[in-house]
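Chains C and X supply the protein sequences, listed in that same order. All residue numbers for the first sequence refer to our numbering, where the first residue is 8 and numbers rise by one. All residue numbers for the second sequence refer to our numbering, where the first residue is 384 and numbers rise by one.
Treat the hints loosely; a few may be bogus.
As the list claims (entries may be wrong) - Partial chain X-side listing against chain C, Cβ under 8 Å, derived:
no.	residue
1	475
2	490
3	497
Because the hints were derived from the structure by calculation, they are not lab data. We treat Cβ as the ideally placed atom computed from N, Cα and C, and that holds for glycine.
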Amino acid sequence: MTLSDDCLISIFQKLQSRHDRNAFGLTCRHWHHIQNISRRSLNLHFSYETTTYQSYVRYLPALLNRFSHLSSISIAGCTELPDSALFGLKNLKISLRSLSLSCCFKITDDGLAHVAMHCSRLVSLTLYRCTITDLALQNIANFCKLLENLNLSYCTDITDRGICALSTGCRLLHVLVLSCCSYVTGSGLKGCSQTLEYIEAECCMFTNEGLLQAVSGGGLKYLNLSNSRCSMNIDVLAPMLVSRLRFLNLRLCRFISNESVVTISKSCPLLEEWSVAVCHEIGVLGWEAIGLNCCGLKVLHVNRCRNLCDRGLQSLREGCGRLGVLYMNGCNGVSPLGVELFRLRRQDVEIRSEELLSIGPGIFDFFV
Amino acid sequence: MASYERRKVTLKSSDGEEFLVEEAVAMESRMIRYMIWDGLAGDVIELPGVKGKFLSMIIDFCKKRVAWAAGGDGTLEGLKSDFVKVDLGTLIHLSAASFCLKTNDLVDLTSQTLANRIQGKTIDEICRALNPEE
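Bound conformation, chain C alone:
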């Protein structure tokens, strides 16, 4: 009596331990095949041993051939991995949903073109520190229509042209990470889909125009503009387009003015967590606006704000009815008395002294 493949797959999936799965696979060639087609993910991690990477390069083609139903592949630290190693991904065109290439410096636009053309069902793609250009983004936009999550951090050669192609071609884009893409101003986000809800743009050069385009989709929930390399005038944000914003990170945006803070506090009724750490330009008018308008704010970061004084802290104390946590340290304008008054009158608020670099939900959870 031979069990059907469906039956064997069902039995194999119910085996929990590695020992049992390996024993299953070693009984005969057919069952070995069942074990191979049941594998869903392949993770080649960073390693301290340089010889590990040599074996990655050597064995990757064979691994891609053997595991023909992979849905997720992650290769990290393999700086010598050539474009040709990715050719084996052709076999996974139906199943592959998630691909991560971190620090694979030798992968070029050609390799990415191959990936895009053959793995058109990709949902998540990570290209951290890959040396790709706008051409790769154009190919991704042309072929990967189901793409939702894209991480381009430290892809320093890409520009707004590539981003523009993505905005037009990937209409299901949900999470876009552009951290440290130094030439991206944001103007390429023009016409982006409403599905774009999370933008990470730490250390970018977003301009006023770029910012307008970034929010043009109307669906933005999370925006990280921390450590911006360019001064922006946030007054231009059309209130309607940011009405869904829940998480805003402006840490180290030293130029953010009172006017900008007033605009944001009035335009974003759903704002839950906001970081204005090290935003030295915010004065009493700004703090008053936050206290008055940010009724839904649960977490506020004001670390090292030079111009937060007792008066400003009082405005926060008397407003922000839903505030649960205040991250505050190094604010020399605030006196110990001011802090004590706050603690006394707002026992519902926890004061913490850590300065957090990132806020809100874990963006990278989307890439699993």
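Using the hints, position chain X against chain C.
Just chain X, lined up with the frame of chain C:
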């Protein structure tokens, strides 16, 4: 409550044995259910992939399950554990038959029971028990 005539259907195994069952019992098998819904089933449904001996055991389980769902005695867990109290050879046949008929509970149950029998065994023991190359 208005009474209605409970429709019956005949299931015929690969070795010619016939079983007359209520439609509700037969529809525990997704394969048979879709055949009936799509109007592809006559009065006699042929099941060439399943032998009479095992078909009768599965029909028996389905009858008990339908009765239990209608508010009968016992637990589903009890029914399931009784079903798999058989020798390994029969279990393998029942598993194959469940897959063929696509009876949800039985597919999971037989796979899990077979997985349990493999657990912790060496390669030789698995070969002797399940005879994969046969």
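We went through each hint and held it up to the structure:
Proximity of residue 475 of chain X to chain C holds as hinted, the smallest CB-CB distance being about 5 Å (cut-off 8 Å). Taken as an interface hint, residue 490 of chain X checks out: its beta carbon lies about 7 Å from the nearest beta carbon of chain C, inside 8 Å. Taking 8 Å as the C-beta contact cut-off toward chain C, the hint placing residue 497 of chain X at the interface holds, the least distance being around 5 Å.
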